[in-house]
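Colleague: So you can see what is in the structure, the chains are spelled out below.
4 protein chains.
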Amino acid sequence: MKEAIGHKRWAIAEGYIPSYGNGPEPAFTSYETACILNTSDQDANIKIWIYFSDRDPVGPYELKVQAKRTKHVRFNDLKDPEPIPLDTDYASIIESDVPIVVQHTRLDLRQAENALLSTMAFPAATN
Amino acid sequence: MKEAIGHKRWAIAEGYIPSYGNGPEPAFTSYETACILNTSDQDANIKIWIYFSDRDPVGPYELKVQAKRTKHVRFNDLKDPEPIPLDTDYASIIESDVPIVVQHTRLDLRQAENALLSTMAFPAATN
Amino acid sequence: MKEAIGHKRWAIAEGYIPSYGNGPEPAFTSYETACILNTSDQDANIKIWIYFSDRDPVGPYELKVQAKRTKHVRFNDLKDPEPIPLDTDYASIIESDVPIVVQHTRLDLRQAENALLSTMAFPAATN
Amino acid sequence: MKEAIGHKRWAIAEGYIPSYGNGPEPAFTSYETACILNTSDQDANIKIWIYFSDRDPVGPYELKVQAKRTKHVRFNDLKDPEPIPLDTDYASIIESDVPIVVQHTRLDLRQAENALLSTMAFPAATN
Chain A
109 MKEAIGHKRW AIAEGYIPSY GNGPEPAFTS YETACILNTS DQDANIKIWI
159 YFSDRDPVGP YELKVQAKRT KHVRFNDLKD PEPIPLDTDY ASIIESDVPI
209 VVQHTRLDLR QAENALLSTM AFPAATN
Chain B
109 MKEAIGHKRW AIAEGYIPSY GNGPEPAFTS YETACILNTS DQDANIKIWI
159 YFSDRDPVGP YELKVQAKRT KHVRFNDLKD PEPIPLDTDY ASIIESDVPI
209 VVQHTRLDLR QAENALLSTM AFPAATN
Chain C
109 MKEAIGHKRW AIAEGYIPSY GNGPEPAFTS YETACILNTS DQDANIKIWI
159 YFSDRDPVGP YELKVQAKRT KHVRFNDLKD PEPIPLDTDY ASIIESDVPI
209 VVQHTRLDLR QAENALLSTM AFPAATN
Chain D
109 MKEAIGHKRW AIAEGYIPSY GNGPEPAFTS YETACILNTS DQDANIKIWI
159 YFSDRDPVGP YELKVQAKRT KHVRFNDLKD PEPIPLDTDY ASIIESDVPI
209 VVQHTRLDLR QAENALLSTM AFPAATN
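Chains as they are written, first to last, in our numbering: chain A, 109 to 235; chain B, 109 to 235; chain C, 109 to 235; chain D, 109 to 235.
This is chain A alone, in the form it adopts within the complex (with noise of 0.2 Å):
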């Protein structure tokens, strides 16, 4: 494989976890998902942060991409320095200090880890 493919950082707009068991339908039916692709030969330490509408933006929150793998990343396992707030409009910064390729997508539990939606993630004009 040639150089790295990607970028240090990356923006996600949109953002929503939705609360258990309020309606008709299983109670937690969806899964947030920030899938990172790591294609250098060195591990990617990854912080991300998550941005609100009516507060200041919460993080870092820490993790690591091993070279050359892939990690998809659920929001809802993210827990420290805070869990992220259900039934919340958010948004998300991904920064890695190797060049990583992101994509946004939600998965539904209900049918077979089925994605519902899938969008490369907005990559920083600068590298």
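Bear in mind the hints are in silico, worked out from the structure with no lab data behind them.
No incorrect hints appear here.
Copies of the same chain look alike in the list, so a pair counts if it works inside one copy or between any two.
SDA-like mimics (lysine to any residue), calculated; alpha carbons at most 25 Å apart, straight line:
(1) 155 - 176
(2) 155 - 205
(3) 176 - 162
(4) 176 - 164
(5) 155 - 175
(6) 172 - 182
(7) 172 - 185
(8) 176 - 190
(9) 187 - 125
(10) 176 - 161
(11) 172 - 153
(12) 116 - 164
(13) 176 - 196
(14) 155 - 112
(15) 187 - 205
(16) 172 - 139
Keeping the supplied structure of chain A fixed, place chains B, C and D upon it in accordance with the hints.
Modeller: For chains B, C and D alone, kept in the frame of chain A given last:
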């Protein structure tokens, strides 16, 4: 955080708000949304222009997204200078005085705010 | 408004129009659409080329999008030089003499024109 | 037509093929697809690399897309050097010796090949 991420002009070529009560499904089942993320340390003054197939564009619709905040703007809520007509193809241009990121999402109200689709808007080549 | 936004050549790599009447669902349930936005002050003369897996491309299909207008073009409606065959993988190139923005959307007619998917088309690097 | 449109390296950060027969729905309900468009006048020699969360990438999977043709490649059909495991997160890199356009689409076989999602893949900054 480093410098603000994004562009000052974005385009969404697809838009359609179905009318009320014309089918077996719940009358009003989806929301067209422009999710806007402002990572800068200044408030973003936003102007939205709506384009149609058969008449001149309408706008600007004006709103503000505060510094380091996200706002999920529902096209259904845009009222001034005039509501967006139902059952009508439209497109939109979103302009800001600071860099922003814009993601186009359609929510399905029947499924606890699950999204039906999502795509990054198209950024103008010149920032 | 400032200068026109977009590019003069766009690609959509995915396309498929299902045939009529071959299942329990309503016979014709979706529309492939290329949503075109022309923000310039000149009419856009559009040429569409359809690519196949096993024969030469067909086109150009010619149409116009007026200045400061949007047009949601259904591939099903393209008839000249020939209709797009059903149950067939295809892809498309959209060319314009002024900058435009192109978004690929598939509509589901069973749900009051809700979209099933949407993504920005791919713009050619050279405008 | 003018020069070929696209890039020679693309990334798709999301991938998942559900296993057979583990639910009330029809056993195999979706296809992960990389839709490739080759507008050049030369055949494209394609190499696909699959990335995982816990082991080294596998590849190359090799295939050809003829000049001025499109091919909708189903990841389920990739068999050499080994089939892509089911129920497993993966990502992919698609390389070509001529410029191509790549769109990631997931088809739902229960609905006459309707797509569940679609997004342009991410092009490498250097062509």
